[in-house]
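Quick note, the sequences are listed as chains W and F, same order. Sequential numbering of the first sequence, starting at 377, is according to this note's numbering. Sequential numbering of the second sequence, starting at 15, is according to this note's numbering.
Please keep in mind that the hints were generated in silico from the structure rather than gathered at the bench. Small disclaimer: the values here were computed from a predicted structure and weren't measured. Heads up, some of the hints might be wrong.
[Said to hold, decoys possible] DEER-style ranges, computed between Cβ atoms:
id: 1; chain 1: F; residue 1: L118; chain 2: W; residue 2: Q431; range: 50 to 60 Å
id: 2; chain 1: W; residue 1: R555; chain 2: F; residue 2: V295; range: 52 to 62 Å
id: 3; chain 1: F; residue 1: Y51; chain 2: W; residue 2: T425; range: 28 to 38 Å
id: 4; chain 1: F; residue 1: F229; chain 2: W; residue 2: T425; range: 38 to 48 Å
id: 5; chain 1: F; residue 1: N80; chain 2: W; residue 2: E602; range: 28 to 38 Å
id: 6; chain 1: F; residue 1: V271; chain 2: W; residue 2: E443; range: 23 to 33 Å
id: 7; chain 1: F; residue 1: G158; chain 2: W; residue 2: A578; range: 45 to 55 Å
id: 8; chain 1: F; residue 1: A192; chain 2: W; residue 2: P547; range: 23 to 33 Å
id: 9; chain 1: W; residue 1: R444; chain 2: F; residue 2: N80; range: 40 to 50 Å
id: 10; chain 1: F; residue 1: A204; chain 2: W; residue 2: F566; range: 43 to 53 Å
id: 11; chain 1: W; residue 1: V383; chain 2: F; residue 2: L76; range: 26 to 36 Å
C-beta: ideal position from N, C-alpha, C; glycine also.
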Amino acid sequence: MVEHRPVRDFVAHLILIVGVIAVAFPLWVTFVASTRTFEEIVSVPMPLTVGSHLQDNYEQVLTAGSERGSKAPVGRMLVNSLIMALSIALGKIFISILSAFAIVYFRFPLRNFFFWMIFVTLMLPIEVRIIPTFKVASDLGLLDSYAGLILPAIASATATFLFRQFFLTIPDELAEAARIDGAGPMRFFFDVVLPLSKTHIAALFVILFIYGWNQYLWPLLITAQESMYTVVIGIKRMIAGGDASNEWQLIMATAMLALLPPAAVVMLMQKWFVKGLVETEK
Amino acid sequence: MEKRVVFRSAWLPYVLVAPQIAITVIFFFWPAAQAVYYSFLLQDAFGLKSQFVWFQNFVDLLRDTNYLSSFRTTAVFSFLVAASGIAISLLLATMANAVVRGALVYKTLLIWPYAVAPAIAGILWAFLFAPSIGIVTYYLKWIGLDWNWMMHSPQAMLLVVVASTWKQISYNFLFFLAGLQSIPKSLIEAAAIDGAGPFRRFWTIVFPLLSPTTFFLLVINIVYAFFDTFGVIDATTQGGPGNATEILVYKVYYDGVKAADLGGSSAQSVILMFIVISLTVVQFRFVERKVQY
Numbered sequence: 377m378v379e380h381r382p383v384r385d386f387v388a389h390l391i392l393i394v395g396v397i398a399v400a401f402p403l404w405v406t407f408v409a410s411t412r413t414f415e416e417i418v419s420v421p422m423p424l425t426v427g428s429h430l431q432d433n434y435e436q437v438l439t440a441g442s443e444r445g446s447k448a449p450v451g452r453m454l455v456n457s458l459i460m461a462l463s464i465a466l467g468k469i470f471i472s473i474l475s476a477f478a479i480v481y482f483r484f485p486l487r488n489f490f491f492w493m494i495f496v497t498l499m500l501p502i503e504v505r506i507i508p509t510f511k512v513a514s515d516l517g518l519l520d521s522y523a524g525l526i527l528p529a530i531a532s533a534t535a536t537f538l539f540r541q542f543f544l545t546i547p548d549e550l551a552e553a554a555r556i557d558g559a560g561p562m563r564f565f566f567d568v569v570l571p572l573s574k575t576h577i578a579a580l581f582v583i584l585f586i587y588g589w590n591q592y593l594w595p596l597l598i599t600a601q602e603s604m605y606t607v608v609i610g611i612k613r614m615i616a617g618g619d620a621s622n623e624w625q626l627i628m629a630t631a632m633l634a635l636l637p638p639a640a641v642v643m644l645m646q647k648w649f650v651k652g653l654v655e656t657e658k
Numbered sequence: 015m016e017k018r019v020v021f022r023s024a025w026l027p028y029v030l031v032a033p034q035i036a037i038t039v040i041f042f043f044w045p046a047a048q049a050v051y052y053s054f055l056l057q058d059a060f061g062l063k064s065q066f067v068w069f070q071n072f073v074d075l076l077r078d079t080n081y082l083s084s085f086r087t088t089a090v091f092s093f094l095v096a097a098s099g100i101a102i103s104l105l106l107a108t109m110a111n112a113v114v115r116g117a118l119v120y121k122t123l124l125i126w127p128y129a130v131a132p133a134i135a136g137i138l139w140a141f142l143f144a145p146s147i148g149i150v151t152y153y154l155k156w157i158g159l160d161w162n163w164m165m166h167s168p169q170a171m172l173l174v175v176v177a178s179t180w181k182q183i184s185y186n187f188l189f190f191l192a193g194l195q196s197i198p199k200s201l202i203e204a205a206a207i208d209g210a211g212p213f214r215r216f217w218t219i220v221f222p223l224l225s226p227t228t229f230f231l232l233v234i235n236i237v238y239a240f241f242d243t244f245g246v247i248d249a250t251t252q253g254g255p256g257n258a259t260e261i262l263v264y265k266v267y268y269d270g271v272k273a274a275d276l277g278g279s280s281a282q283s284v285i286l287m288f289i290v291i292s293l294t295v296v297q298f299r300f301v302e303r304k305v306q307y
């Protein structure tokens with residue numbers, strides 16, 4: 377900064393440390409609860425140090441679910457969540473990069489019409505059209521299926537826009553050179569456009585993976601069988617009764633399992649994550 | 015902007031856009047059209063017959079005090095989420111921008127809540143604030159506060175606001191930090207030479223220069239509070255106690271799925287669509303302005 381003031385520096389660090397602790401506190405309590413027994417948690421106030429039941433609790437939820445709430449094993453749910461998150465992320469990238477390529481590199485009748493059709497979907501979040509979308513999915517026989525979990529979530533205007541914006545910055549000389557060398561559009565796509573888009577694909581992937589993993593309302597509607605639950609839905613089904621009757625040690629172990637994969641993606645791929653956030657909101 | 019060099023093919027572009035257009039038509043336009051159509055229908059109690067009633071569902075909604083109070087709840091909720099989220103993250107970002115050492119560490123430790131699903135965020139905070147066993151509840155009772163969000167409406171609202179804000183801080187923080195880092199150091203230095211202290215510098219130079227970021231975040235946070243917080247509400251208060259935390263999105267879900275009121279819920283969907291469209295228009299006009307400046 378402009379002038380060096382040790383006191384001001386100290387205050388800044390203090391505020392940041394308080395912020396970091398306040399933000400991390402719920403996570404710490406969750407982790408502690410996931411290592412304790414039910415009795416330890418309900419003995420108010422609950423201890424704030426790590427207990428000795430970490431392995432028991434995690435083994436129990438991964439293989440057998442909770443005892444009083446849903447009995448679906450969380451291991452299966454994690455697999456479902458992973459399939460859903462990966463398919464949504466890759467599916468969105470796949471359909472968006474193709475349509476953006478067509479819209480930027482071709483002139484064809486209805487081009488603007490298609491562009492606007494995709495644009496308008498920005499304005500229709502799934503929350504505002506849940507019931508009709510549910511009817512469509514049930515008419516198509518997609519209830520309790522991976523296709524049903526994934527397909528309605530993969531149409532995205534943002535990814536298409538991002539690729540379109542980026543393609544517009546690729547120098548025309550590249551396309552010209554490719555044409556002179558006799559390369560067709562798909563050859564140009566695979567040899568030039570796709571390698572150039574690598575960083576954008578990585579950034580989008582991080583954002584979309586988190587988006588897919590954290591889906592809630594749609595999976596809640598479309599999954600009735602326990603074998604199709606995602607982990608975010610499964611944990612909700614474990615909360616059966618009131619405060620003191622929930623098996624908090626198991627719910628909290630499931631919460632840890634549900635939030636660790638996306639949190640790890642954010643922390644480990646921080647560079648791509650920040651790039652993705654900033655770019656998708658342009 | 016258009017490309018000067020383009021490829022020619024009579025069929026290839028259609029094949030390339032086909033997957034996205036198919037999904038968009040099946041899962042966006044068809045359901046949205048149906049929502050509009052259902053909003054003009056009135057179903058009998060058994061869902062056997064339905065009758066075309068023009069705007070009756072909308073008229074009923076606007077006369078329904080529950081619906082109007084849900085509007086008020088949504089307004090209060092999104093104002094609190096946006097205002098507290100923006101204020102806290104602006105403070106943290108300003109501090110992170112000011113420290114010389116450790117900024118990256120703080121950044122890493124502040125951004126992870128973005129990855130937590132809203133429903134999970136709700137569960138984490140509901141556990142801390144649980145009326146009989148929560149650790150925060152224990153200390154609140156110790157200082158003499160009668161804490162039970164399952165009974166007291168303002169406390170329920172506070173719980174969902176805290177959980178929703180907590181999850182959104184990381185997002186706001188990153189955008190503020192990027193905004194702060196793009197402010198030219200020379201401006202700050204010039205003000206310092208003229209004798210402006212840190213507070214004066216913040217309010218007269220930094221804050222005005224951040225206003226595009228702040229406005230952008232305001233729109234994003236309102237959209238977030240309107241729609242993405244469904245998971246927070248459903249995992250904690252479920253709209254209660256009474257209707258104290260029943261935001262518009264939750265009411266669409268509750269009336270449509272739980273109460274099976276197809277017409278009423280669809281009419282609410284249509285109203286929500288108008289709200290999203292206006293928010294999107296505001297956002298885009300703003301983005302256009304940002305590009306020009």
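> Broken hints, numbered, in rising order?
Replying inline: 1, 2, 3, 9 and 11
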